[in-house]
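The primary structure of each chain is shown beneath.
Protein chains: 4
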Amino acid sequence: MKVGIVGSSGYSGAELVRILSRHPDVELAAVTSRQLAGQAASSVFPFLRERMEELVFTGSNVEEMAGSDIDLYFLALPHGVAYEFAPKLLEAGKDVVDLSADFRLSNPETYREFYADHPAPQLLEKAHYILPELTDAKSLKDLDLIASPGCYPTSILIPLIPLVKEGLLDLESIIINSVSGVSGAGKKLAETYLFCERNESVKAYGIPKHRHLSEIEEQLSSASGSPVVVQFTPHLVPMNRGIASTIVVDPKADAPLQEAFQVWEKYYGPKPFVSILPTGQTPDTVHVVGSNRVDMSVTEDPRTNRWIITSCIDNLLKGASGQAVQIMNLKYGFDESAGLNP
Amino acid sequence: MKVGIVGSSGYSGAELVRILSRHPDVELAAVTSRQLAGQAASSVFPFLRERMEELVFTGSNVEEMAGSDIDLYFLALPHGVAYEFAPKLLEAGKDVVDLSADFRLSNPETYREFYADHPAPQLLEKAHYILPELTDAKSLKDLDLIASPGCYPTSILIPLIPLVKEGLLDLESIIINSVSGVSGAGKKLAETYLFCERNESVKAYGIPKHRHLSEIEEQLSSASGSPVVVQFTPHLVPMNRGIASTIVVDPKADAPLQEAFQVWEKYYGPKPFVSILPTGQTPDTVHVVGSNRVDMSVTEDPRTNRWIITSCIDNLLKGASGQAVQIMNLKYGFDESAGLNP
Amino acid sequence: MKVGIVGSSGYSGAELVRILSRHPDVELAAVTSRQLAGQAASSVFPFLRERMEELVFTGSNVEEMAGSDIDLYFLALPHGVAYEFAPKLLEAGKDVVDLSADFRLSNPETYREFYADHPAPQLLEKAHYILPELTDAKSLKDLDLIASPGCYPTSILIPLIPLVKEGLLDLESIIINSVSGVSGAGKKLAETYLFCERNESVKAYGIPKHRHLSEIEEQLSSASGSPVVVQFTPHLVPMNRGIASTIVVDPKADAPLQEAFQVWEKYYGPKPFVSILPTGQTPDTVHVVGSNRVDMSVTEDPRTNRWIITSCIDNLLKGASGQAVQIMNLKYGFDESAGLNP
Amino acid sequence: MKVGIVGSSGYSGAELVRILSRHPDVELAAVTSRQLAGQAASSVFPFLRERMEELVFTGSNVEEMAGSDIDLYFLALPHGVAYEFAPKLLEAGKDVVDLSADFRLSNPETYREFYADHPAPQLLEKAHYILPELTDAKSLKDLDLIASPGCYPTSILIPLIPLVKEGLLDLESIIINSVSGVSGAGKKLAETYLFCERNESVKAYGIPKHRHLSEIEEQLSSASGSPVVVQFTPHLVPMNRGIASTIVVDPKADAPLQEAFQVWEKYYGPKPFVSILPTGQTPDTVHVVGSNRVDMSVTEDPRTNRWIITSCIDNLLKGASGQAVQIMNLKYGFDESAGLNP
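Protein chains in written order, with this note's numbering: chain X, 1 to 342; chain P, 1 to 342; chain L, 1 to 342; chain H, 1 to 342.
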């Protein structure tokens with residue numbers, strides 16, 4: 001099976017190249033990048049030297065992509081761009097896994113509120129948002145347009161959705177603080193992302209209405225069956241990769257902490273990429289960087305009767321490219337962990 | 001006027017040396033350190049070369065300190081050690097500003113709950129906890145044992161106390177997330193503080209009952225007149241200095257955001273070390289590192305009706321040594337900013 | 001006395017603002033920046049809040065500068081721009097201290113070889129390159145166009161010039177490796193200076209002919225009286241500030257190491273900003289960051305008979321803005337250390 | 001085939017666990033650590049969760065190791081400790097790959113000069129120092145005690161040995177500067193390795209006689225057939241992993257730069273872990289971190305007629321654990337790249 005990557009010059013694209021070039025079940029047959037077109041991929045990705053010397057960046061001509069013999073395209077593009085590529089690829093019978101926000105929301109109104117007018121709202125009905133741990137793998141087989149979840153949302157939804165679904169939480173009480181490494185901002189050339197601006201610096205941003213709220217709330221609402229509104233404050237910290245989320249919630253009056261662990265165990269027990277730490281331990285981003293894992297735990301504060309949920313992911317892997325490959329693995333019947341580090 | 005520093009080898013002690021060696025109104029006449037006794041201070045602090053070549057670390061002999069002609073001692077010692085020095089110094093008529101937790105709590109029960117049995121509970125009655133912006137400078141003149149506030153508490157109490165005092169907040173709703181640079185842990189030789197363990201790593205710790213909770217809650221309770229219990233989750237991030245606190249609160253039903261700014265302006269308007277940013281801006285630790293300032297702001301989330309308060313300090317300055325010097329400045333009638341950067 | 005800063009939005013400009021706004025002997029009366037014109041300086045530099053609220057960025061209109069009552073302008077501009085401002089300011093009787101490379105070389109041919117055609121070669125004759133420790137302060141009084149030295153060159157010339165002047169070194173043997181924090185590159189918006197590109201990364205660059213070679217070699221040649229050619233390899237390392245230079249040289253056959261220290265002592269003994277560490281100690285950038293000091297030492301390798309000279313500076317202070325203020329202090333008869341940290 | 005790791009709690013040990021737990025041709029059957037004995041390996045190495053839950057740290061009882069069914073032991077211990085384990089393991093017919101300095105030198109006098117009296121000098125004759133790219137893989141089959149090279153030496157010897165062997169260099173001219181991430185110091189609990197001491201800091205150390213000189217010079221002398229003495233100055237920089245070496249040499253009078261590339265091509269052309277960059281490009285540590293590659297290049301300075309060789313490795317992989325596994329792969333006839341990233 002042949003796969004291609006559209007938008008290979010960003011950080012998520014680079015991770016896709018790294019994973020797919022070593023994946024045992026697929027051949028990485030195309031990498032596109034407007035700015036790198038014509039260059040050998042191995043000149044940009046030294047790990048391809050000696051192995052894939054022949055792979056060359058092509059421009060982003062969607063007609064050529066549609067006419068190729070590639071089965072699956074990953075779109076690693078900014079939001080507002082991915083939607084230009086998806087329709088033609090789908091028409092040509094290709095499968096598409098999109099890593100942008102363009103197909104993550106089911107409601108074009110929400111997209112407009114948080115992003116802009118959606119340029120192809122009809123596609124939102126065709127698209128499916130897939131958190132692989134919360135989806136029946138068999139149902140993926142026939143989906144041809146899949147939205148891979150965002151980075152902050154993955155770190156938040158994996159721990160929260162089961163607790164919400166099982167009715168353990170007071171839905172008005174959810175307060176989330178997240179900190180992210182700088183690669184979450186991509187390679188945007190803005191002064192604020194220069195080394196000397198972010199090094200030795202921490203700040204909250206995106207208050208009170210970061211774009212990822214739309215995705216978090218739509219999924220939590222869907223899980224609970226009623227609208228959920230949460231508080232979400234992201235922060236940038238001086239490291240390359242990793243997201244740590246700290247979520248404070250009020251459990252429903254009679255829910256003992258043990259029940260949270262039981263619910264998690266029920267949903268994630270045999271899952272290779274969710275690791276539940278005992279209460280009292282807190283996950284550390286350094287343990288998940290380079291892996292596709294979510295590490296998470298929950299502690300009760302007997303003084304406030306609140307639960308403090310902590311979770312960590314690598315924002316470029318479980319929060320982007322690793323999860324997209326995990327989706328591919330499940331959809332095509334490969335080993336769920338193929339090409340990915342636990 | 002002559003001042004001395006007891007415990008000069010830690011990060012707070014080093015900042016005190018830096019500030020006091022350049023202070024226009026005092027002479028730094030003694031620096032003590034058990035481990036550095038006998039060494040020239042300029043061999044440890046290169047900025048003293050060419051200026052204070054004669055200053056030599058002495059051991060920590062409290063009798064000698066008591067017999068010296070030094071007027072004021074700063075104690076930059078771990079908690080559970082400072083109390084050994086204070087009584088003799090006070091008896092000898094010295095003034096003491098303590099940077100540890102030993103004299104910050106008025107209730108020995110609380111000290112026992114969060115630290116250990118207090119070894120000198122009778123001193124707690126003599127000691128005064130001073131947040132300089134919230135104290136009448138004239139009242140400091142006659143205090144001889146002053147507890148300088150802790151780092152996390154300073155970043156939290158400066159924004160919160162006025163709002164609590166003026167009754168703007170639902171006191172059960174206070175949820176605090178803080179991130180701190182690693183110098184907050186001092187020079188403790190533990191694997192977790194090695195460069196490679198903290199670099200590229202973020203994690204929550206001290207859940208659910210970090211020691212600084214005792215100080216935060218005692219002060220908020222005192223401000224409100226009734227017991228206040230808060231949620232507080234600290235995190236370590238890979239930078240040397242700086243604390244950023246993000247505080248989510250429910251305002252009382254009818255409090256408009258504007259009132260928060262009015263209250264802050266009333267309490268802090270003419271204060272040189274509190275800087276209030278307009279709503280929508282968020283403080284960045286990088287702007288306060290090296291200064292004695294608190295930068296803070298507050299934003300309303302119209303979707304949740306909550307306020308998100310953000311604040312930043314340099315944990316070693318406003319959160320420790322800078323604040324201790326600010327207290328000295330006010331107590332002795334020096335310019336409040338003498339020796340300190342705004 | 002009134003001073004102004006042309007080009008206040010870069011890192012060197014910001015340091016000048018910081019130093020001059022607190023300087024005891026001058027008034028910072030103008031800050032210019034094309035991109036920030038019209039904004040309050042305190043909105044960009046929070047340390048000006050509460051103190052210099054009235055200072056506003058102006059555009060870079062050289063006619064207005066020439067007509068102002070400002071006595072001295074610091075030019076903190078990229079090379080190839082500073083020369084546009086100097087002539088009109090000099091004509092209007094202003095003094096100019098330039099921090100760029102535009103006036104550092106005496107030979108326009110060298111400027112062309114390393115930069116480009118010099119647009120105002122006649123100014124090179126008027127300009128004076130001043131390393132303050134190696135200049136008689138009295139001679140500065142009448143200079144109206146002074147070039148402040150570059151960052152790498154300062155870390156290299158301070159230790160080398162005395163040894164070269166006194167004939168202690170084999171001039172063909174000088175091999176220099178330097179490492180610099182990223183602020184040396186200024187705020188250039190290029191992918192290579194993004195946080196995630198420089199964090200956790202080290203590389204040599206500018207091989208074999210970095211621009212600063214022109215300045216290093218011209219000064220060493222002038223010191224020795226004959227052309228000197230050196231090997232110079234700079235590297236970028238993931239920190240904000242600081243330069244460490246390691247210089248390997250062959251001493252002349254009979255020169256004992258002690259003589260190096262004697263020569264340094266003779267040139268720098270009473271100088272406030274040069275600190276000579278005993279052999280066996282190596283300077284650490286962390287000790288000079290925030291100060292205007294050079295820390296330096298030299299060790300002999302008995303196995304190779306070479307000397308290894310090590311030096312450290314803060315590239316934005318002794319390597320740029322601090323040194324420029326030191327020059328001003330000496331020229332106008334202020335205390336050499338006024339406004340600067342030792 | 002079963003393998004074990006003696007000393008699994010350091011950084012090199014952790015990398016060995018990571019690589020060997022995923023290696024397609026071997027079973028990681030034992031991990032020892034005095035301090036972690038009895039703990040589940042997956043509690044320390046989260047990537048083992050869900051996969052190797054049964055692996056438990058054992059103490060370092062060499063009798064038990066000798067009696068086990070493990071074929072090959074990797075020793076990831078400090079120098080001066082490894083020699084205690086090797087003899088009994090060899091007697092019991094085990095193979096040993098040692099990552100310490102204990103078996104790297106052939107001459108016990110040199111070991112004494114740079115380390116201490118060698119406690120088992122007779123073993124030095126049995127041991128073989130193996131740089132895999134410079135060894136005939138067939139010759140490894142019968143070696144039972146192999147010393148894996150050190151980190152700085154690997155980054156230096158890989159580029160230099162071929163040039164020295166082919167007589168291209170003036171052997172008295174070799175001047176090496178290296179910078180290393182902090183993991184090179186292991187997990188030593190010393191103040192100098194605390195986060196706040198190394199962050200934002202660069203310094204030279206180990207001048208003029210770092211221990212790795214002994215290994216570098218012995219190998220270069222062996223390659224040239226006559227004693228070689230080099231200048232070597234290492235530096236610590238604030239990053240976790242990676243070494244960059246910059247080597248300045250005088251080529252023999254008539255050697256054109258092209259010949260350096262031809263020699264490298266001859267020695268390393270088909271080698272999977274040596275990547276030769278064209279002149280003018282300089283390797284960057286960030287490209288080799290996580291891989292077992294050496295990236296290297298060389299540039300001529302026409303002004304000085306010197307060559308500037310630059311090289312980068314991941315100090316924990318090609319400089320330690322990756323190289324040790326590469327040696328195993330070649331010795332046992334596995335694919336040279338098995339378990340390793342190119």
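Mixed in with the good hints there might be a few duds.
Which copy is meant is left open, so a pair is good if it fits within one copy or across any two.
[What the hints assert, rightly or not] DSBU-like mimics (lysine-lysine), calculated; alpha carbons at most 30 Å apart, straight line:
id : residue 1 : residue 2
1  : Lys88     : Lys252
2  : Lys2      : Lys271
3  : Lys209    : Lys252
4  : Lys88     : Lys209
5  : Lys138    : Lys88
6  : Lys2      : Lys165
7  : Lys266    : Lys88
8  : Lys209    : Lys94
9  : Lys188    : Lys266
10 : Lys126    : Lys88
11 : Lys188    : Lys271
12 : Lys88     : Lys187
13 : Lys187    : Lys94
Calculated directly from the structure, the hints in this document are not laboratory data.
Inset, instruction - Tell me, in ascending order, the numbers of any earlier hints that this structure violates. - result: As far as the earlier hints go, 1, 4, 6, 7, 8, 9 and 11 are violated by this structure, in ascending order.
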